[in-house]
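Sequence order for the protein chains is P and E. With this note's numbering, letter number 28 in the first sequence gets 28, and the count goes up by one each step, no holes. With this note's numbering, letter number 3 in the second sequence gets 1003, and the count goes up by one each step, no holes.
Just so you know, the hints here were simulated from the structure itself, not pulled from any lab data. Any given hint could turn out to be false.
Quick list of simulated restraints, FRET-style, between CB atoms [as the list claims (entries may be wrong)]: (1) P:V10 to E:K1041: 31 to 37 angstroms; (2) P:P4 to E:R1028: 19 to 25 angstroms; (3) E:V1026 to P:D35: 20 to 26 angstroms; (4) E:W1015 to P:D69: 31 to 37 angstroms; (5) E:Q1040 to P:S70: 18 to 24 angstroms; (6) E:R1028 to P:A197: 35 to 41 angstroms; (7) P:Q165 to E:Q1040: 33 to 39 angstroms; (8) P:Q33 to E:K1041: 20 to 26 angstroms; (9) E:R1028 to P:T29: 39 to 45 angstroms; (10) E:K1041 to P:L126: 30 to 36 angstroms; (11) E:P1005 to P:R163: 52 to 58 angstroms; (12) E:I1012 to P:A197: 53 to 59 angstroms; (13) E:V1016 to P:Y21: 34 to 40 angstroms; (14) P:P4 to E:N1002: 43 to 49 angstroms.
Because the structure is a prediction, the values reported are computed rather than measured. C-beta: ideal position from N, C-alpha, C; glycine also.
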Amino acid sequence: MKTPVLIAIVVVVALLAFGLYQALVVAPTDQLQGDVYRIIYYHVPSAWTAFLLFFVNFCASIWYLFRRDSISDAIAVTTAEIGVVFCTIVLITGPIWARPVWGIWWTWDARLTSTLLMWLIYISYLILRRFSTGGQTPLLAAALAVFGFADVPFVYLSIRYFRTQHPQPVIGGGGKLDPGMLHIMLYNWLAFVALAALLCWFRYQLERKQKDVEETIALESLLEGSPR
Amino acid sequence: MNPIPFLYAAYIVTWVIHGVFILTLVTRYRKADRELREFQKK
């Protein structure tokens, strides 16, 4: 492994470790919820990181629709996959937090349902990428990603326009958060974005490697004169 | 209800998901790398 990559790994691990320390030790205890509220330091930054990755996927998909270049296609699949990982964390940590605070694991309100729908849209995107073998797959996936992204702003705005069990947003909304808590949450988001960037870099390298394998197989088939 | 196990569960689940994902990335990369080297040998 090259030295810049090793340095990046060390920096990301240090950022995450310091974020974890701040979340579990430094952050003050909430008067109403007690210590369980500290789930916010992983739940909300994971959601923001997923939104960011889906936005990059949306931009890369639009770019692909106009330019049809392999780099934007690789960026699209990379960000969709990492975005699904962060969205999965949101969907699991949310109910774990809801159970002691709301008394229920899940409710079919606008925020929770639209988040689940967003996850399903990007899961279907990845299934399409994985199992469709035609040459039109990147084009179809890009179209799905562009239409699928319409759910992302809906997820964010759902708690403003619908009466939901979910609290209001802590930034740009009616939710109130102590400045000390907000500072730690923003720091953890920075650490999660750094982790997402590192994961994207590794996933992008994998995508390039897989493309090389596909091209080599195609070249070999041509040389043998018998397409597979 | 003691809420502390829920707090730890959320943090552990987060890192388990990231760990499993990193493991799948490494496995897929090694598989692609091995396939590419086998083709290049031919």
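Each hint, compared with the structure:
| no. | hint | result |
| --- | --- | --- |
| 1 | P:V10 to E:K1041: 31 to 37 angstroms | holds (35 angstroms) |
| 2 | P:P4 to E:R1028: 19 to 25 angstroms | holds (22 angstroms) |
| 3 | E:V1026 to P:D35: 20 to 26 angstroms | violated (34 angstroms) |
| 4 | E:W1015 to P:D69: 31 to 37 angstroms | holds (36 angstroms) |
| 5 | E:Q1040 to P:S70: 18 to 24 angstroms | holds (21 angstroms) |
| 6 | E:R1028 to P:A197: 35 to 41 angstroms | violated (19 angstroms) |
| 7 | P:Q165 to E:Q1040: 33 to 39 angstroms | violated (56 angstroms) |
| 8 | P:Q33 to E:K1041: 20 to 26 angstroms | violated (60 angstroms) |
| 9 | E:R1028 to P:T29: 39 to 45 angstroms | holds (42 angstroms) |
| 10 | E:K1041 to P:L126: 30 to 36 angstroms | holds (32 angstroms) |
| 11 | E:P1005 to P:R163: 52 to 58 angstroms | violated (31 angstroms) |
| 12 | E:I1012 to P:A197: 53 to 59 angstroms | violated (24 angstroms) |
| 13 | E:V1016 to P:Y21: 34 to 40 angstroms | violated (20 angstroms) |
| 14 | P:P4 to E:N1002: 43 to 49 angstroms | holds (45 angstroms) |
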